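> Chains L and G, in that order, give the protein sequences.
Counting from 1, position 80 in the first sequence corresponds to residue 274 in my numbering; the numbering is continuous, with no gaps.
Counting from 1, position 25 in the second sequence corresponds to residue 60 in my numbering; the numbering is continuous, with no gaps.
Don't read these hints as lab results, they were simulated from the structure.
From a predicted model like this one, the values you see are computed outputs, not experimental measurements.
Treat the hints loosely; a few may be bogus.
As the list claims (entries may be wrong) - Chain L is faced by these chain G residues, among others (derived, beta-carbon under 7 Å):
1. 60
2. 78
3. 80
4. 98
5. 144
6. 148
Beta carbons are placed, not taken as given, at the ideal position from N, Cα and C, and that holds for glycine.
Given next are the chains, with one letter for each unit.
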Amino acid sequence: DGGITQSPKYLFRKEGQNVTLSCEQNLNHDAMYWYRQDPGQGLRLIYYSQIVNDFQKGDIAEGYSVSREKKESFPLTVTSAQKNPTAFYLCASRSRDRGLDGELFFGEGSRLTVL
Amino acid sequence: AQTVTQSQPEMSVQEAETVTLSCTYDTSESDYYLFWYKQPPSRQMILVIRQEAYKQQNATENRFSVNFQKAAKSFSLKISDSQLGDAAMYFCAYRTPYSGGGADGLTFGKGTHLIIQP
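Next up, chain G with everything else stripped away, as it sits in the complex (with noise of 0.2 Å):
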């Protein structure tokens, strides 16, 4: 079974400042997708960031960007220039590849509790 893997309970990090959220997962599969989604008080989730495995290039959306590594399988999110609205629950994602009759849902790790200081 695919897992995903968070080792970083909670970050805190100066507003402006730079954080990067690690995530590891374990896979068989050589074709995936991998998500960050963030989830702030309101408890809604919402797609930060979404990267294809079969892509080389790193994902990037406005301040958000990701280092990944698939030989490693590593899938790290880079915060930059952070903000105090960036304050959430942060989790990491991988979807397992729709084969017929496997789940067709997201696998997500634990989820990464970021702090935001004025």
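Isolated chain L, as found in the complex (with noise of 0.2 Å):
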């Protein structure tokens, strides 16, 4: 089937340290985000990808860096400049051939603890 996969589903980190969540999705959609969610202030944008070997960034980009080395693969780094790293990260795709009203699936998210 297809779909999106995030991993790892539970990630537990030391301050200072610099942590990759994975996104990878079978779907052949060409735009990839990563949103972050946080209790009571629903989900921002932090990077997108339209195409391979190009990201822009979204609302809440600081101390995050992402790449798009392959069509399937949208990796999302936290680094150690992430002041409040604690969050639920959801990683999401949308075929541009379906235009504006197309919408963006989902992966299962990925919890991540600052400890």
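Reconstruct the complex from the two isolated chains, following the hints.
Shown next, in the form of structure tokens:
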């Protein structure tokens, strides 16, 4: 079945360490996104990529980095510069062929806790 | 910047009853798309329904329907015959029109926690 796989599902990190969250999709979607979810805050866009080897900052990109070397993969690195990294992270993808009404398909998320 | 507001942090409804979740948004665009997503306890986001701004007819998907009031910038979700499986967080979202350089993501509201009482 096609879908989006995020790993790991739970991750613990010590302060000062970088950590990378994996996101892989086999939907053949061009566009991929990373969102952060905090209690009472909804979802906020971190980074997005519309095509391989290109990505753009979202609303809260500071302290995060991404790469898009392959169409199916869009890993997110949470760096030590991120002041409050404990959160739930959601990866999503979209087929650009569907136009603006194309829905986002989401992974199951990764819960990052900084100790 | 576009904003999406969900004024009801939590709603409660008896099983089999009807409930309406409210959503308002702020935009200067005339063409856009609106979505309602459901996030059950598993935390995976699932699309419930979508609405194109240029369509006057309200979207319907089985027990789910919307009341889209473009002039008022309102996009409420009505759930009929509520079921226990409807219990979840519901997020209203707006799509920023892609104009070659703008953000190509969804802007989400903060969500409404829907409780279904048996």
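> Just pull the numbers of the violated hints for me, sorted ascending.
1, 4, 6
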